[in-house]
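Engineer: Here is how the chains run, residue by residue.
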Amino acid sequence: MELLIFYPLAGFCVVLALGVVFNNSPVGSAISLIGMMLGLAGIFVLLQAHFIAILQVIIYAGAIMVLFMFVIMLLNLKKGDDTGWISRDKNLFLSILTGALAIGILYKIGDILFSTKMDSPATLPDTFGTVANIGETLFTEFVLPFEVASILLLAAMVGAVVLAKNKLD
Amino acid sequence: MFLTFVTFLPFFGALFLVFLPKESTGTIKQTALAVAVADFLLSLYLWTNFDNTTHAMQFSMNIPWIESWGINYHIGLDGISLLLYVMTTFLTMICVIASWEIKKHIREYMIAMLVLSTGMLGVFIALDLFMFYVFWEFQLIPMYIIVGVWGGPRRIYASIKFFLFTAVGSLLMLVAILWIYFHIQETTGVATADILYITDNLDVPLGTQKWLWMAFFLAFAIKVPMFPFHTWLPDAHVEAPTAGSVILAGVLLKMGTYGFLRFNLPFFPQASYEFVPMIAWLSIIGIVYGALVAMVQEDLKKLVAYSSVSHLGFVMLGIFALNPYGIQGALIQNINHGISTGALFLLVGVVYDRRHTRLISEFGGLAKIMPRYTVCFMIAALSSIGLPGMNGFVGEFLVLLGIFQVNGLWAACATSGVILAACYILWMFQRVMFLELKNPKNIGMKDMNMREMITVVPLVILIFWIGLYPKPFMQTFDASVNHLVSKVSPDNFRPKKDNHGDSSHGEHAQLITSNQMASLNHKLQMPKNVLNKD
Amino acid sequence: MLLKLTCLIPLYPLIGSIINGFFGLKIGKDAVAKIACGSMILSFLTAVLVFVGFLMLPEGQHAYEQVVWSWFGAGDFSVDFGFQVDPLTLVMMFVVTGVGSIIHVYAVGYMHEEYSFYRFFAYFNLFASAMLLLVMGNNFLLMFIGWEGVGCCSYFLIGYYFEKKSACDAGTKAFVVNRVGDFAFLLAVMYIFNIFGTIDFSEVMHAAPEKLIYGGEIVTIITMLLFVGATGKSAQIPLYTWLPDAMEGPTPVSALIHAATMVTAGVYMVVRCNVLFSLSPMTMTVVAFIGGTTAVMAATIGMTQFDIKRVLAYSTVSQIGYMFLACGVGAYTAAIFHLVTHAFFKACLFLGSGSVIHGIHGEQDMRKMGGLKKHMPTTYKTFLVSTLAIAGIPPLSGFFSKDEVLYHSLIDGNIIFWGMGVSAALLTAFYMFRLVFMTFHGESRVDPSVHPHESPKIMTMPLVILAGLATVGGMLGIPLMHGWHILHNWLEPVIHFDLASALQHSEHMLHEAGQHAPSWTHLLEPKDHNLWIESLLMLFSAAVAITGIFGAYMFYIKRPDLPEKFTKGQWGFDLVQNKYYVDELYDESIVKPTVEASKLLWKECDAKGIDGAVNGAAKTIGWFSRHAQTLQSGFVRNYALFMVVGFISLLLVMF
Amino acid sequence: MLEDTVPLSHYLMLSATLFVIGIVGVLVRRNVIVVFMSIEIMLNAVNISLISFDHYMNLSSGQIFSFMVMCVAAAEVSVGLAIIISMHRNKPTVNLDEFNLLKW
Amino acid sequence: MEPILAPESIDLIALAPVLVLSVFAMMVLVVDLFGGRNKTLLVFISLVGLLMTAISAFAKHPIPAYSFNDSYIVDHLSLFFICIFTISSALTILLSVEYNKREGINPGEYFALILFCTVGMILLASATDMIMIFLGIEIVSICLYVLTGIQRGNVRSNEAALKYFLLGAFATGFLLYGMTLIYGSTGSTNLFKIAEVTQNLGAQSNPLLLMGLVLLIIGFGFKVASVPFHMWSPDVYQGAPTPVTAFMSVGPKAAAFAAFFRVFAEAFPAMSPSWELLLTIIAVLSMFFGNLGAIMQTNIKRMLAFSSISHAGFLIMAVITKTSLAGSSLLFYMLAYSFTTFGIFGIVILLGRKGEENLEMKNYSGLAYKHPILALSMTILLFSLAGLPPFAGFIAKFYLFSAAIQEGLVTLVIIAVLNSAVSFYYYLKVIIFMYMKEQETEFRIALTPLTLFVIVIGVLGTLGLGIFPNSIIALASY
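Residue numbers (the working numbering), protein chains in the order written: chain A, 1 to 169; chain B, 170 to 703; chain C, 704 to 1358; chain D, 1359 to 1462; chain E, 1463 to 1940.
The set of hints was computed from the structure by calculation and includes no laboratory data. C-beta: ideal position from N, C-alpha, C; glycine also. Among the hints, erroneous ones may be present.
[Said to hold, decoys possible] With a straight-line Cα cutoff of 35 Å, these simulated DSBU-like cross-link-like pairs (lysine-lysine) come out:
hint, chain 1, residue 1, chain 2, residue 2
1, D, Lys1461, E, Lys1563
2, B, Lys607, C, Lys732
3, B, Lys607, C, Lys1302
4, C, Lys1311, E, Lys1563
[Unchecked claim] Sample of chain E residues facing chain B (criterion: CB under 7 Å; computed from the structure):
hint, residue
5, Pro1852
6, Ile1876
7, Ile1935
[Stated by the list, open to error] Label-pair ranges, simulated between beta-carbon atoms:
hint, chain 1, residue 1, chain 2, residue 2, range
8, B, Thr217, E, Thr1785, 31 to 37 Å
9, B, Asp372, E, Thr1785, 32 to 38 Å
10, C, Val1356, B, Val187, 49 to 55 Å
11, A, Lys165, E, Asp1473, 35 to 41 Å
12, C, Gly1319, B, Glu443, 27 to 33 Å
13, A, Ile54, E, Asp1473, 58 to 64 Å
14, E, Val1492, A, Ala63, 22 to 28 Å
15, E, Glu1658, A, Ala63, 34 to 40 Å
16, B, Glu443, C, Glu1287, 26 to 32 Å
17, A, Leu3, E, Glu1658, 32 to 38 Å
18, B, Pro659, E, Pro1735, 28 to 34 Å
19, B, Pro446, C, Glu816, 22 to 28 Å
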């Protein structure tokens, strides 16, 4: 069951991720990204992290990607702005090199990752991944990060405002 | 406390100068001179109160500085450092006078000079490795500025070269210092960088000693400078202003030899002993090479600079004779070199001020128009080639005597430097002072004026004083040197040999006992000479 | 009590020198002359007083030492600034102060026209002072002060006319060549200290037979080194080339320094160290051989020179060769004897030549002289007397001393040494009379514009005195009657050497070392002084001298065309006239290569090699720096790429 | 290997693959926004690993962590996009290679 | 559903500096909003806030105190670092006042961001949980991105911000991945627990963990600007407003090192054989390439950026050494470095004017004779950076090297000293321009008081730490 869902989902995510990278239009990239994120949400569900899966949809696919799209529209980016990554011979060569490099890294990392012996999941309690469970952990063990995150967001907000303010004063 | 005062007096003088207005050059110069003279007189007072009979540190003061590291403000003078100390104040004074005519940024110049003085004095009094290193590096800064700002056309190149050369060497020394610091801490449980304590307690195996020795060696050898590390010297000397050259030759180079005496020998006696041949050959090469290269120089200052390489070769040779003759000779030769080379630089400065050139070929026949100058130059030059009766000889002879005890061949090779010295100095002297006064530019040159005489005459007096009656100088370091020699004696770490030594003299020299002598004699018994008997 | 005055002897000229040097220009020439001569004469008188004091010493005490102050020392090495008065010193002291005073007086006249009069006398006095230090020092180092001091003064005096390049070159050459000798001397001193632990003459000489093995390596090395030192100072092969050039100096200088005193310092030193030399038969042979060779060689060169002073210079070299020949065969008295007489007649000859030069306004070429006899009678007479003395005509002083040298070279040496001595004597007689004939006899070849005149009294008086001394000087050592040899008796305490006990010590030492001593018995066989042989030799040498004179007469009076005929186109003559090309040889083989090598060292090794390495390192860093900069391209993606590459590299390093 | 469950390493491998794709995106694209998106891919990839570790070891810190990552990603996006906007005002382009004033 | 109880480990006293500073930062924002045009009050509030922060940091007794489930620690290291942070932030604010007026930067958000950044730094220095470290780094980074780009009208500032942001986010990805893998292989994000696990694991290497370490090194390496993750720093240093550059090269760097040191010295000492080599390579490369880059620079800010890269190389030595002595030396080094850096940047700011920053070295020609004291200060500060006695930089290097030597890292130290010899060259170059070249352009220097004040503090601090370092060393050593 898990197998059946996982591999297609994984394939879907990878393809869409590649789509993000190799799409000529930024809008297309953004759409691919949204797709990929939704796919990931599926994987989270598969991993029984429901809370995170929801957050993934809401925050990432919802908020963040909307912001992306918004900026793309704001800057009025068209297809021609970034003429794609294979436009010159030099780039082709470099791209192949990069691709080879990437596959190399992946191979190496895979080598490392496959050395992990944790193949069977632990027997999970029912509460695993639920909002209640996560919430409790968040407000007891990780209360400090939680609070600190607010400072982070505040700072980011101030920063974004400072930078994106319209008038220079 | 007094010693601290004397050491830092120039520094405070410099601080005071900072607040003088730039325009009042007269006041600035007078203040600087007053400070320098006062400092010299105070250091003389130190000398007169110095107890010759002991090797112990005197006027010492030991207060905690960085307590958490066990680093103390520990200062003191012993016989080895006393004269260098006094010479530093003396040459500072001379240099302030010699710089009287400097027009460019006189205030900054005097400040640099006085700060430099404190830096140098600090090197000689520091009895804490850390403190030593602090002063050792610190004095680079004012010297760098002096060469770089008031120097000749290639001053920037020369000053950077000077700075980097010295710095590279001393940084490795820093590593060694750190190593020693922790080693001492480990072995004795005392966290200290106190030189005296380390001298007494440092005990490292030979292999390590060699490494540490090399680290110290590099720092000091560059400073001295020994043969392959000498190339900064000609450049720095040539580009430095007159007073800078004097200080450089008179004091800065001595810091290297001082370092060998203060650190390399007492800390690593065995390694020092092992490295004697290397040092000896480097020194000999330095002596001969310096002399040969000096011979063909076209620039007066460069010639004197290369002669310094040669002279310092003698000093090094003396130090590594590891016997009292050599070391005492080296110490007095240190002073001598400061005096005679200092005088030569001052004198070269005199013609440079008038002609703005130092090329030998530009001169000739100066003896005719500048008799006073010629006499002074002659005396300084002869002292530099070690004419007996002048200071150079006393040092050179003792050094050679010392090294002869160790190895006759070395002594012979080194002595050949004496011949070459005569060649380059006399040849130069001839081309500058003698011959016809051909160059029309030279005709109007004035003889030395009062101020210039004041700078040179004390040095001339010292040349003869040390040459004829060096006792007041030499007795100051007698006790210290004997102590040092007993410390580095190979007997301390070499298994005693049975047939070693009923001969009456020389403690570590390669003694020839009557037995050995006899066998030697016999082995090379002269063949019956056919001519001897008909 | 009088001996306490010893230290004043060198002090007077020193003070004179200082006064003249510093204030000479202000006080005027007369005062300078008075101070200079006065100090020398004062010093001479003091020497007389010291001599008297010495005579009053109790029986058995043959030396007096006066330590003025302790000069310097280190460890157990210490050297005093001390003087020693012993018979040898006294002899030398008298020569230096006596002849010195006379020449000073002469110089007042000779140098009178010079602007730098004061400078000359300052140097001159300084020289006298240094020379006195040399002969009076009680240890090797004090002697070395004098030794180098005289060299230095000689340098200044040769280069007195410093505007002349040849004079400067000659001065420098003299100094440097001397330094070569000094180098060896210094090594010898160090070696001596190494062996004896002291460098006091008396202690060293006393200990030498006990510490050194007869004929051993050590003593041979020491004495060889000392002898090299002596060859430098005394202008012997191979270091003689500076002396003829030194004639660039004013004539009084040549007379005092390069004839009478300084150049004989080497002989003095050898005699002073006679004990050491006697212990080394090999060195002795070398000394004698070098001395003999130099005597002959210099004499041959002397025959061919035309510069009056150069002839005398070569003659000096040759005569000093004699002295070394004497030393080499162990006849130290003869050496000193010849030294003394030589001082007299050679000083007289030089001063005479100076008088001639003075009289014809600076001309030194003998080919432009001739017939001066009538113009300068006093000069001629004194010159002739001295020439006879040097040629060895009895009963002038030179005859006795030279004869003694020849006698000993045969008896104590061998026939070869004697042969050398005799041939040198023959040549000496020849070239000296050639000189006399060319200068004073025959047709005048003087430039017509020049009117030769006799020198003033102040110059001729010294000539007369010296000629007188040259005449009677031989009385110091009358041959044949051994009890009558004043000089020998006088010097006996210094040159006394007990060979037998020295050999015994040596044997003992060798024995201790477990070695067998060679048989030395033949050395101890007494030598018999055969009166007959001595007389025969005297006659023979007189005959040789006369032959030489006759030859010169034939060549230069009777048949003035002969020399031309004989010498024309002869390569041998060219060789000799060009001084065997030794100067050129040295120049090509030593001086030039050294300078070239130095230039090479500087330009190639120092500037390009060592400094090149340093600058090269800096340049390399600079190069790297410039190229490393290009990595910093400003493109974000490049930066990211670098991070990834870094990541991969770290991963590879890790795994 | 149990047939029924996906091994942890496969999740990790998925995560790594996406991560590398993100890297490649950063390296090859010149459009600022796309580069930025690639970085988001990387962050997401990490989240997979975090959650899968949680899942396989029965932990919850990973989920908290990924929660924080999202939080950070949001903050970064806001600031990043603000930077891009402010930059776009001065220089209307999103081609990264044209931002090359500061170099060497 | 049972109520969630407040965990016992919440310790607000320990957290006091964070709270105080956050409050003051927000106060700045609010006051800026309502305070009208006079911005002096903002400066005052910020400075008071920083002062209060420093004081409140010492409220917790005894130390070390662990709180929030061991994810927050108050110990010697963190206290000292908090002092460094507050000092550097205060100096930045002082430097900025006049600079901002000159360059027209709105002080309100600016100060707030600096204070927020400081909060992040404090968290970073006190955190003992990887999540906290991650958040701390992000707070700091985000504030810095904004601060870098705060001169919105300036293309360079924009570009710098963009570069910094993109690369920073990229590096965050690596850092995060590294943390994840470590979490995965040890099962915890808490440094102490990780330390326990790795202790048990010993040298037996878990490839996942090792790769996590590599990635972690990349993340931290980026933050401290070490080669080959340094490429952003010269560009960003150059483009950012000068006070921000000064700030960036001190505060955040110190914070990054605090975390770097804490993670590697406290969580992974057992694994040290495997990461020591990597860090050594990075350290050596940093020193080397930092120096190489600086040698040819003519722009003083870029030169300082490269020099700070080589300094990072030195500081990584402290991480490699990982003893408590190394920690102390790190503290001392950072303190000395902050004084020196602020002094230098103060002078750099003084020399600039509106519209022309005068950042080229040749603009410094002849400074010594127009403004001798200024030049002397610069000389002192540069020599301190070069590590010459008797200035603070020397003591710092001495401290650092001695810690390394004690651990037997002799070779590394030798490489370091040789590199510092190379570094002399470019520091001397500035001095050459000031002292040995003739004046080229006229100096129109407005000696503004606050900037001067910062310079004076920098110089005094440099001298004080150099000549009388004892008390500070005593404080730093734990």
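Engineer: Decide, hint by hint, whether the structure agrees.
Structural biologist: For each hint, the structure was consulted:
| no. | hint | result |
| --- | --- | --- |
| 1 | D:Lys1461 x E:Lys1563 | 28 Å, holds |
| 2 | B:Lys607 x C:Lys732 | 29 Å, holds |
| 3 | B:Lys607 x C:Lys1302 | 26 Å, holds |
| 4 | C:Lys1311 x E:Lys1563 | 56 Å, violated |
| 5 | Pro1852 | 5 Å, holds |
| 6 | Ile1876 | 6 Å, holds |
| 7 | Ile1935 | 5 Å, holds |
| 8 | B:Thr217 x E:Thr1785: 31 to 37 Å | 50 Å, violated |
| 9 | B:Asp372 x E:Thr1785: 32 to 38 Å | 25 Å, violated |
| 10 | C:Val1356 x B:Val187: 49 to 55 Å | 53 Å, holds |
| 11 | A:Lys165 x E:Asp1473: 35 to 41 Å | 39 Å, holds |
| 12 | C:Gly1319 x B:Glu443: 27 to 33 Å | 31 Å, holds |
| 13 | A:Ile54 x E:Asp1473: 58 to 64 Å | 32 Å, violated |
| 14 | E:Val1492 x A:Ala63: 22 to 28 Å | 27 Å, holds |
| 15 | E:Glu1658 x A:Ala63: 34 to 40 Å | 38 Å, holds |
| 16 | B:Glu443 x C:Glu1287: 26 to 32 Å | 48 Å, violated |
| 17 | A:Leu3 x E:Glu1658: 32 to 38 Å | 36 Å, holds |
| 18 | B:Pro659 x E:Pro1735: 28 to 34 Å | 43 Å, violated |
| 19 | B:Pro446 x C:Glu816: 22 to 28 Å | 60 Å, violated |
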